[in-house]
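So the protein lines, in turn, are chains A and B. Under the numbering used here, the first residue of the first sequence carries the number 1, and numbering increases by one thereafter. Under the numbering used here, the first residue of the second sequence carries the number 1, and numbering increases by one thereafter.
The hints are all genuine.
Here are the simulated DSS-like pairs of lysine-lysine, each with C-alpha atoms no more than 30 angstroms apart in a straight line:
{"id": "1", "chain 1": "B", "residue 1": "3", "chain 2": "A", "residue 2": "69"}
{"id": "2", "chain 1": "B", "residue 1": "49", "chain 2": "A", "residue 2": "20"}
{"id": "3", "chain 1": "B", "residue 1": "24", "chain 2": "A", "residue 2": "69"}
{"id": "4", "chain 1": "A", "residue 1": "69", "chain 2": "B", "residue 2": "55"}
{"id": "5", "chain 1": "B", "residue 1": "49", "chain 2": "A", "residue 2": "48"}
{"id": "6", "chain 1": "B", "residue 1": "24", "chain 2": "A", "residue 2": "78"}
{"id": "7", "chain 1": "A", "residue 1": "7", "chain 2": "A", "residue 2": "72"}
{"id": "8", "chain 1": "A", "residue 1": "6", "chain 2": "B", "residue 2": "22"}
{"id": "9", "chain 1": "B", "residue 1": "24", "chain 2": "A", "residue 2": "30"}
{"id": "10", "chain 1": "A", "residue 1": "30", "chain 2": "B", "residue 2": "3"}
{"id": "11", "chain 1": "A", "residue 1": "69", "chain 2": "B", "residue 2": "22"}
{"id": "12", "chain 1": "A", "residue 1": "20", "chain 2": "B", "residue 2": "24"}
{"id": "13", "chain 1": "A", "residue 1": "48", "chain 2": "B", "residue 2": "22"}
Rather than coming from a laboratory, the hints here were simulated on the basis of the structure.
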Amino acid sequence: MDIQLKKGLLEFCVLAVLNKSDSYGYQIIKDISTCVEISESTLYPILKRLEAGSYLDTYSVEYNGRLRKYYKITNKGKDYMKEFLDEWQQVMEIYYFIKGERNYE
Amino acid sequence: MNKAEFLNELSFYLQNMNDSEKNKFIIYYDEMISDYVENGMSEEGAVNKIGSPKKIAEELLDDYGSVKLNFPSTGSRWLNIILTVIGFPLWGSVLLAFLLMVLSVYLIIWCVPFATGAGCVGFFTTSIIGIVGSPFVMIKNVPIGIMQLGTGIASIGISLLLGFATIDLSKKIIIITKNLNIKLVGLFKKKVVIR
Chain A
1 MDIQLKKGLL EFCVLAVLNK SDSYGYQIIK DISTCVEISE STLYPILKRL
51 EAGSYLDTYS VEYNGRLRKY YKITNKGKDY MKEFLDEWQQ VMEIYYFIKG
101 ERNYE
Chain B
1 MNKAEFLNEL SFYLQNMNDS EKNKFIIYYD EMISDYVENG MSEEGAVNKI
51 GSPKKIAEEL LDDYGSVKLN FPSTGSRWLN IILTVIGFPL WGSVLLAFLL
101 MVLSVYLIIW CVPFATGAGC VGFFTTSIIG IVGSPFVMIK NVPIGIMQLG
151 TGIASIGISL LLGFATIDLS KKIIIITKNL NIKLVGLFKK KVVIR
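Isolated chain B, as found in the complex:
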């Protein structure tokens, strides 16, 4: 590897560092290699002695402790704030659309257990009314009263089944929701990839 290749590669691995820091670093190695060459080493030899660009970049980024994010900036804090405010109709509407989309996805997912839950409550009410009411019907008409009782008991069964389904589905969907949340938060938390 010659000097130009070495510096190019180094610059590539440091692409997420802010430009002025990166340039200082590149200039440092540029000078160092030139000095080695002037003191009788070959360019390849000097590059070999210094080590792999990847390792050097990693060491440097480690030394930084935390990664500095390279936000687009105008250089002036107030100008940044003003531009952010002026740009609100643009990024605000995109953000709103995104949030509403996320909300609708959650609503659609939760519709399923909501439907089974509503069914559970409905059938349970039916069964209570059916069973409690059946003796009164039997007084007037025995066969219809018995049918009423049977429907009531069947409703209890359906209500129980729907109840279990609701609990099961909710558990699963809570897990899905959690995973989705983590992914969504991850979208914004994504930091600079070093390696």
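Chain A with its partners taken away, still in its complex shape:
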């Protein structure tokens, strides 16, 4: 898959995971991996970008004598995801157009 497209889609995969419940790095990778392959070094910049855009918040929880960083989706993040899903109809139109299954005459 095109790297840029994949990166963009993975952003929403991360938000989708967090929309169910707050999560941490390892668990996010595990959850997303059931659908699409994602590596640790791919996830990091995505989390960073989402945090910078305040689509997610972070907080730390002590676990087994160490700190674990949890990520939490913000309202802005939820809106962002909803926007993406609403746009999907348009994406499908484009998909059919590219595939040549759409009549436009």
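Add chain B to chain A, keeping to what the hints say.
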């Protein structure tokens, strides 16, 4: 490679990144490896799965797009400016010495073609005066007049040779100057070495 070695190496490759960004990144991998280990993987296995520190660091720095320079800073913009101004006698004099040294190097290099050029003009003037003046001398004293004419013609030759030498030397020195300029500019343009 165990976790500590992995994190050390990663930190080494990211040494030019600013500290807070680097620490976040190290903590991220620290946590990730710990989680793998707690879920039944060996430390070596987890490190292997994550990949080579060098490659990860390169990917991360690529993702940054441009390299952030880690300038020494006091954290306050105004304090930085004030300290820079107060420190002027120190860095200003060093900078001035450096600039003057560069200037003197250029002057010394350019002295050579300047000398040949001056010689060229001098001999050319001599030849003109010598040749134009020789008939007047010949009226009074023929042998000395002929010698005067000969000297004038010889001067034209020397002047031409020096002229060619000047052009040749200038061309070469222009190249040397250009290279030197590039090197000097390079001293200041030098950015952080990533790899």
